[in-house]
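K.L.:
Sequence:
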Amino acid sequence: MKILSCLALTFGITLFITASSFGEEIPGKMFLTRGYALVMALGKNADLKIEALNPAMAETDAAASRYIYNPVLTTKMSTGGRTATFPSRMTTNAAGSVGLSQALPTGGTLSATTDTYYSKDPEYFSATGWTSNAAVTLSQPLLKKLGPEATDRGITVADNNLKESRERFRFTAIDTAYTTVTTYNNLYTLRQLLDSHNTALKETQDLRDKLLKKRRSGPTAQQKIEIANAEFSIAQRIKDIIDADRRVRDQEANLRYLIGMEEKTQLIPIDPPSKDEPKDSEEQSVKKALELRSDIKQLRIALQSSQLQERVTRNLALPDLTLSASAGFIGSGPTAGTSYQQLGNRKETAWSTEILFSMPLGNTAASNDYRKSRIRNEQVQLQMNTLAWKIRNDVEADQRALISARLQLSSTQKSLEFAEERHKEYLKNNLAGTATIQDVINANNDFTTARAAQLDALEAFSNGVQKLWRDTGELLERHNLKLSEVAIK
0 MKILSCLALT FGITLFITAS SFGEEIPGKM FLTRGYALVM ALGKNADLKI EALNPAMAET
60 DAAASRYIYN PVLTTKMSTG GRTATFPSRM TTNAAGSVGL SQALPTGGTL SATTDTYYSK
120 DPEYFSATGW TSNAAVTLSQ PLLKKLGPEA TDRGITVADN NLKESRERFR FTAIDTAYTT
180 VTTYNNLYTL RQLLDSHNTA LKETQDLRDK LLKKRRSGPT AQQKIEIANA EFSIAQRIKD
240 IIDADRRVRD QEANLRYLIG MEEKTQLIPI DPPSKDEPKD SEEQSVKKAL ELRSDIKQLR
300 IALQSSQLQE RVTRNLALPD LTLSASAGFI GSGPTAGTSY QQLGNRKETA WSTEILFSMP
360 LGNTAASNDY RKSRIRNEQV QLQMNTLAWK IRNDVEADQR ALISARLQLS STQKSLEFAE
420 ERHKEYLKNN LAGTATIQDV INANNDFTTA RAAQLDALEA FSNGVQKLWR DTGELLERHN
480 LKLSEVAIK
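All residue numbers for the sequence shown refer to numbering that gives the first Met the number 0, where the first residue is 0 and numbers rise by one.
Hints are computed from structural coordinates only; laboratory data are not their basis.
Take the hints with a grain of salt, since some may be wrong.
Said to hold, decoys possible - Here are the simulated DSSO-like pairs of lysine-lysine, each with C-alpha atoms no more than 30 Å apart in a straight line:
1. Lys346 <-> Lys119
2. Lys278 <-> Lys119
3. Lys413 <-> Lys274
4. Lys389 <-> Lys287
5. Lys274 <-> Lys371
6. Lys413 <-> Lys296
Can you make the complete structure from the sequences, with help from the hints?
P.N.:
Right, dumping it as C-alpha cells:
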C-alpha cells in the first residue's frame with residue numbers, strides 16, 4: 000500500500016489519503032486507477048477548491064470574534080484650561096488619565112485607572128496644586144447580559160459557523176468523490192463497449208474477407224447476399240464505433256474536469272467497477288447515516304446556535320440592573336510627584352458603589368426578538384426531523400435498488416455466458432458451412448448487446464453501493480480517504 004499525504008488546502012484542512020495504487024502517465028495517455036482519480040479530484044477539483052475557501056474565511060471570523068476579551072487601553076489629557084469669573088479672577092486647570100479595562104466572562108468589566116488633576120486659583124492658595132488617584136472599578140450586570148452565554152454569544156456562534164462550514168466542505172468533498180467514482184466507472188464501461196464494437200467490426204470484416212477469397216470467377220446469388228449482409232453490418236458497426244468513441248471523449252472531458260487535469264490527456268481507467276458488497280443491514284445503514292451525514296450535522300450545529308440565541312434573547316428581554324463598585328487611593332501635593340508619593344503612601348482612600356436600574360416600557364424590540372428566536376428554533380428542529388425522515392427514505396431506497404441491481408447483475412452475467420457460447424457455436428458452424436454470415440452477425444449482435452447489458456448492470460451495482468455509502472456519509476472512509484482539520488500555522 001502506498002500512502003499519499005498532500006495539502007489539499009492551504010488554509011487549515013489537510014487531506015490524508017491511502018490508495019492502493021496510482022496512475023501511470025505516458026505521453027498523450029494516462030492509465031488511471033480509481034484510487035488515484037479520487038486523490039486528484041480531492042486535491043485539484045476546481046469547485047472543491049472554491050468551497051474550501053469558506054472554512055478559511057469562517058476560521059478568521061472565529062478568531063476575530065474573540066476581540067471582546069482584548070484589554071482596552073485608554074488615555075486622556077487636557078491642558079491649559081482657564082475659567083474667567085467676575086471681576087478679574089482667572090482659574091487654571093489640567094488633567095490626565097490612563098486606564099486599562101478587561102471584559103469578564105460574567106458580562107462585567109474590570110478596569111484600573113489613574114488620574115492626575117492640576118488646579119490653580121490665584122485667590123485661594125489652598126486650591127492650587129496637584130491631585131492624583133488610582134482606582135479599580137468593577138461593573139457587573141445582574142439581570143440583562145449576565146453570564147458567559149450572553150457574553151460569549153458572538154464567539155459561540157462564530158465557532159458554530161466554522162463547524163458548519165467544515166461540514167459543508169466535507170459534504171462537497173463526499174459529493175465530488177461520488178461523482179468522480181461514478182464518472183470513472185462509466186468511462187471504464189464506455190471504453191469496454193468501444194472495444195466490443197471494434198472487436199465486432201474486425202470479426203465481420205474477417206468474415207467478409209474470407210468470403211471474398213472463397214468466391215470464384217463469379218459469386219453466386221447466395222454469396223452476393225452474404226457479402227451484402229457483411230458490408231451492411233460493417234457500415235452499422237462503424238457507426239456504432241463513431242458514436243461510442245464520441246461518448247468516451249465526452250466522459251473523458253468530464254473526468255478531466257473532476258480531477259483537475261487541464262491537459263487533454265487520454266484517460267484509460269484500469270479498475271473495473273467494484274463488486275464490493277455493503278455488509279450493514281438497513282437499520283445499521285440508517286443509524287450510520289443519522290450519525291455521519293454532514294447535512295444533518297450542520298443542522299445539529301444550527302440547532303445549538305438557535306437554542307443559544309433563544310436563551311440569550313430571553314435574557315436580553317430582562318430589565319437592566321447593573322452594580323458598579325470602585326475603590327482606590329488619593330494623593331495630593333504642590334507637584335505631580337508629591338501627589339503620586341502621597342498616593343503611594345495610601346493615606347487617603349476612596350470607594351463607592353452604585354446600582355443602576357433601567358427598563359424600556361413595553362420592551363417591544365427585545366420581546367419580539369425573543370419570539371423570533373423561538374420560532375427559528377422550532378423551524379430548525381422541524382428541518383432536522385424532516386431531514387432525518389428523508390435520510391431514512393434515501394437509505395432504504397438505496398438498499399432496495401441494490402437488491403434489484405444484484406439480481407440484474409446475476410441475470411445479465413448468465414445471459415452473457417449463454418450469448419458468448421452461442422456466438423462461438425455459430426462461428427464454428429460458419430466454418431463448417433452450416434451457418435451463414437448473417438447468422439454469425441446476429442449472434443455477434445446478441446453477444447455485444449449482452450456484453451453491454453452486463454457492463455451496465457455491473458456499473459449500476461457499483462454505483463448503487465457508492466450511492467449508499469454517500470447517503471450514509473462514509474464514502475471517503477470506504478475509499479481510505481480522510482479529511483482532517485489542523486490548526487493554521
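K.L.:
Can you give the numbers of the hints that this structure goes against, from lowest to highest?
P.N.:
Violated hints (numbers, rising): 2, 5, 6; every other hint is consistent with the structure.
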